[in-house]
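Q: So the protein sequences, as listed, match chains P and L.
Using our numbering, the final residue of the first sequence is 262, and nothing's skipped along the way.
Using our numbering, the final residue of the second sequence is 381, and nothing's skipped along the way.
Be aware that a few hints might be false.
As the list claims (entries may be wrong) - Keeping only pairs whose Cα atoms sit at most 30 Å apart, straight-line, the calculated BS3-like set for lysine-lysine is:
{"id": "1", "chain 1": "L", "residue 1": "Lys4", "chain 2": "P", "residue 2": "Lys17"}
{"id": "2", "chain 1": "P", "residue 1": "Lys47", "chain 2": "L", "residue 2": "Lys44"}
{"id": "3", "chain 1": "L", "residue 1": "Lys264", "chain 2": "P", "residue 2": "Lys17"}
{"id": "4", "chain 1": "L", "residue 1": "Lys7", "chain 2": "P", "residue 2": "Lys197"}
{"id": "5", "chain 1": "L", "residue 1": "Lys274", "chain 2": "L", "residue 2": "Lys285"}
{"id": "6", "chain 1": "P", "residue 1": "Lys47", "chain 2": "L", "residue 2": "Lys25"}
{"id": "7", "chain 1": "L", "residue 1": "Lys25", "chain 2": "P", "residue 2": "Lys200"}
{"id": "8", "chain 1": "L", "residue 1": "Lys44", "chain 2": "P", "residue 2": "Lys2"}
Unchecked claim - Computed spacing ranges between beta-carbons, pair by pair:
{"id": "9", "chain 1": "P", "residue 1": "Tyr195", "chain 2": "L", "residue 2": "Asp147", "range": "30 to 40 Å"}
{"id": "10", "chain 1": "P", "residue 1": "Asn219", "chain 2": "L", "residue 2": "Asp308", "range": "47 to 57 Å"}
{"id": "11", "chain 1": "L", "residue 1": "Glu21", "chain 2": "P", "residue 2": "Gly237", "range": "33 to 43 Å"}
{"id": "12", "chain 1": "P", "residue 1": "Thr51", "chain 2": "L", "residue 2": "Pro192", "range": "41 to 51 Å"}
{"id": "13", "chain 1": "P", "residue 1": "Pro213", "chain 2": "L", "residue 2": "Lys4", "range": "33 to 43 Å"}
{"id": "14", "chain 1": "L", "residue 1": "Lys47", "chain 2": "P", "residue 2": "Thr13", "range": "23 to 33 Å"}
{"id": "15", "chain 1": "P", "residue 1": "Asp214", "chain 2": "L", "residue 2": "Lys7", "range": "28 to 38 Å"}
To be verified - Output of the computed footprint for chain L on chain P, the stretches with three or more beta carbons under 8 Å from beta carbons of chain L:
{"id": "16", "stretch": "68–79"}
{"id": "17", "stretch": "187–193"}
Derived from the structure by calculation, the hints contain no laboratory data.
All C-beta atoms, glycine included, are put in the ideal place defined by N, C-alpha and C.
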Amino acid sequence: MKIIVCIKQVPDTAEVKLDPKTNTLIRDGVPSIINHDDKAGLETALKLRETRGGTVTVVCMGPPQADVALREALAMGADEAYLLSAREFGGSDTYATATIIATALKKIGFDLVITGRQAIDGDTAQVGPQIAEQLGIPQVSYVEEARVEGNDVIVKRQFEDSAHILKVKMPCLITALAELAQPRYMNVGKIVDAYQKEIKVIGFDDLKTSLNPDWIGINGSPTNVVKSFTKQAKVAGTLMKDLTPDQAVAAIMDKLIERHII
Amino acid sequence: MDFKLDKVHLLQQQLFRTFAETEIKPLAKDMDENEKYDLDLLRKMQKYGFLGIPYGKEYGGCGSDTLAYTLCMEEVSKVDASTGITISVHTSLACSCIANYGTEEQKQRFLRPLVDGSKIGCFGLTEPGAGSDVQGAQTVAVPDGDDYIITGNKIFTTNSGFADTFVVFALTDRTVPAAKGLTAFVVDRDMPGVQVSENIERMGIRAASNCIVNYDNVRVSKDRILGQLNKGFKIAMGALDCGRIGIAAQSVGIAQGALNEAIKYAKERKQFGKPITAFQNTQFKIAELQTKIDAARLMTWRAALAEDAHEKFGPLAAMAKLFASDVANDTTRYAVQMMGGYGYCREYPVERMMRDAKITEIYEGTSEVMKIVISGSMKLK
Chain P
1 MKIIVCIKQV PDTAEVKLDP KTNTLIRDGV PSIINHDDKA GLETALKLRE TRGGTVTVVC
61 MGPPQADVAL REALAMGADE AYLLSAREFG GSDTYATATI IATALKKIGF DLVITGRQAI
121 DGDTAQVGPQ IAEQLGIPQV SYVEEARVEG NDVIVKRQFE DSAHILKVKM PCLITALAEL
181 AQPRYMNVGK IVDAYQKEIK VIGFDDLKTS LNPDWIGING SPTNVVKSFT KQAKVAGTLM
241 KDLTPDQAVA AIMDKLIERH II
Chain L
1 MDFKLDKVHL LQQQLFRTFA ETEIKPLAKD MDENEKYDLD LLRKMQKYGF LGIPYGKEYG
61 GCGSDTLAYT LCMEEVSKVD ASTGITISVH TSLACSCIAN YGTEEQKQRF LRPLVDGSKI
121 GCFGLTEPGA GSDVQGAQTV AVPDGDDYII TGNKIFTTNS GFADTFVVFA LTDRTVPAAK
181 GLTAFVVDRD MPGVQVSENI ERMGIRAASN CIVNYDNVRV SKDRILGQLN KGFKIAMGAL
241 DCGRIGIAAQ SVGIAQGALN EAIKYAKERK QFGKPITAFQ NTQFKIAELQ TKIDAARLMT
301 WRAALAEDAH EKFGPLAAMA KLFASDVAND TTRYAVQMMG GYGYCREYPV ERMMRDAKIT
361 EIYEGTSEVM KIVISGSMKL K
């Protein structure tokens with residue numbers, strides 16, 4: 001079984017500063033880490049390999065500095081690593097990013113693709129599902145448990161108040177929640193090995209026969225960022241229990257009136 | 001000359017720091033109060049390779065180096081000096097004797113389980129009557145057929161409460177001075193006659209295990225002798241040279257950990273209408289201490305790099321330990337002072353760090369012994 005884990009290198013904070021002019025992140029001086037959901041995905045892949053055999057390949061699209069994220073993944077136990085890096089890839093939005101990654105994954109080969117649910121710097125949760133769409137394979141997002149049985153992946157998909165247990169035939173893609181697995185640490189000796197391994201770099205030239213340059217990079221990105229902002233945390237709601245339907249209606253009406261909503 | 005860590009060491013430092021903050025720091029206070037090391041924590045460190053850092057992969061180690069080991073020692077000691085000494089005695093004292101003097105067969109048999117993390121090692125040299133002066137040693141090993149019978153008491157044997165493998169020094173020739181009659185043996189905990197006392201009550205590094213070990217007619221076969229008969233003194237001194245790099249790094253960690261805690265507190269602590277870090281007296285003292293800590297760290301790294309390059313490093317290790325242990329004591333004492341009454345309270349970690357710092361001037365050669373080693377290398381006589 002060949003498992004691919006897509007990881008993203010992100011700034012180590014949920015509240016990085018934004019450049020007010022360009023609405024993009026100011027990354028200078030902020031340490032970089034592997035995105036939390038992605039790391040849980042990597043841990044899941046390593047566990048699946050321990051029980052089912054196979055290999056774990058990590059793939060990261062980013063600038064050459066993203067090398068360290070891939071070394072960290074190798075030091076946690078991944079077998080091989082690919083860096084997707086090229087000037088032409090710069091400025092890609094989620095669509096263009098998914099286009100590039102999907103093209104690279106076709107070249108690398110896979111049975112199961114694991115991505116994080118979303119990255120803490122952009123919070124879009126779009127790249128994983130878009131990769132699956134572009135590859136034409138089934139996908140399950142928001143996965144909090146996963147195991148492999150034969151040629152199927154059995155997953156638990158999280159909802160706000162419930163969960164679905166789904167069976168998906170491989171090849172498929174799942175997007176992992178941080179809750180999926182507590183990532184292991186790197187191993188001291190594997191860090192030494194990680195720097196002796198080759199990180200395979202896939203550039204534009206390696207993909208150009210199957211990649212339309214008009215669909216990648218800043219020019220191939222249909223997204224226009226109008227405004228970026230920090231999410232406001234929702235306050236906990238009020239739970240009113242043991243009310244009859246009539247009492248519940250009255251209680252809700254009272255709250256709506258109290259807050260001048262009606 | 002380059003004072004920057006390379007990529008491998010930077011990533012290792014990141015691992016040690018994250019692990020120390022996440023796994024060790026939350027346990028440090030309780031382990032100190034209970035005077036007991038958390039063996040689950042030890043197993044976790046074994047799993048991630050913390051106990052075989054500078055040893056080759058051919059023996060199950062990490063294939064890394066002494067510099068990486070000092071980074072580990074500093075990061076763990078920033079949050080808990082007891083963890084530092086636990087790793088240090090295992091790595092620098094027990095493992096180094098076998099790695100440097102063991103035969104290939106002995107390395108596979110005794111070193112492999114120590115560096116792959118399945119066993120813990122300790123080192124028995126100090127006796128009630130033999131500390132800085134090894135001349136007072138009374139533990140003997142008497143030949144009996146193909147075996148030796150070891151009898152005697154060793155005190156302050158770090159890790160002995162839970163260690164599996166003991167490197168023990170015993171006199172095999174009592175007709176000559178101890179330095180010429182000591183032999184190094186590898187003893188297993190479960191051998192008949194090995195008795196380990198309760199943890200000795202101490203001022204600092206209270207979570208570490210430090211006991212009296214009584215060897216009562218312990219029978220060991222000749223193939224457990226490390227190096228040559230009667231040449232154990234050199235083995236012990238060589239191990240202590242290695243150990244001093246670890247203690248220097250531990251001292252740097254204690255100092256930096258205490259200063260970081262004090263700075264964090266001082267930025268928030270307001271007196272006379274402003275945070276106490278806004279006062280020049282505080283700023284100057286912090287600047288002075290950070291300068292000394294950096295100097296101590298660079299001296300430690302210099303000694304580590306010399307060991308990695310197979311150069312003579314004993315005096316460099318002694319200088320690093322002499323200076324760094326002094327810095328650790330100065331810094332922790334000031335950290336408590338800067339935090340005032342709160343610093344003196346057990347709620348904050350700096351009082352523990354101050355208690356822990358003292359031992360760095362005493363064990364693995366006192367500061368006075370360091371001066372003997374350093375001056376001895378300077379051809380003054």
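Q: Hint by hint, note whether the structure agrees.
A: Each hint tested on the structure:
no.: 1; hint: L:Lys4 - P:Lys17; result: holds (29 Å)
no.: 2; hint: P:Lys47 - L:Lys44; result: holds (17 Å)
no.: 3; hint: L:Lys264 - P:Lys17; result: holds (23 Å)
no.: 4; hint: L:Lys7 - P:Lys197; result: holds (14 Å)
no.: 5; hint: L:Lys274 - L:Lys285; result: holds (17 Å)
no.: 6; hint: P:Lys47 - L:Lys25; result: holds (27 Å)
no.: 7; hint: L:Lys25 - P:Lys200; result: violated (38 Å)
no.: 8; hint: L:Lys44 - P:Lys2; result: holds (29 Å)
no.: 9; hint: P:Tyr195 - L:Asp147: 30 to 40 Å; result: violated (47 Å)
no.: 10; hint: P:Asn219 - L:Asp308: 47 to 57 Å; result: holds (51 Å)
no.: 11; hint: L:Glu21 - P:Gly237: 33 to 43 Å; result: holds (34 Å)
no.: 12; hint: P:Thr51 - L:Pro192: 41 to 51 Å; result: holds (43 Å)
no.: 13; hint: P:Pro213 - L:Lys4: 33 to 43 Å; result: holds (39 Å)
no.: 14; hint: L:Lys47 - P:Thr13: 23 to 33 Å; result: holds (29 Å)
no.: 15; hint: P:Asp214 - L:Lys7: 28 to 38 Å; result: holds (37 Å)
no.: 16; hint: 68–79; result: holds (count 4)
no.: 17; hint: 187–193; result: holds (count 7)
Checked against the numbered hints listed earlier, the structure breaks hints 7, 9; every other hint is satisfied.
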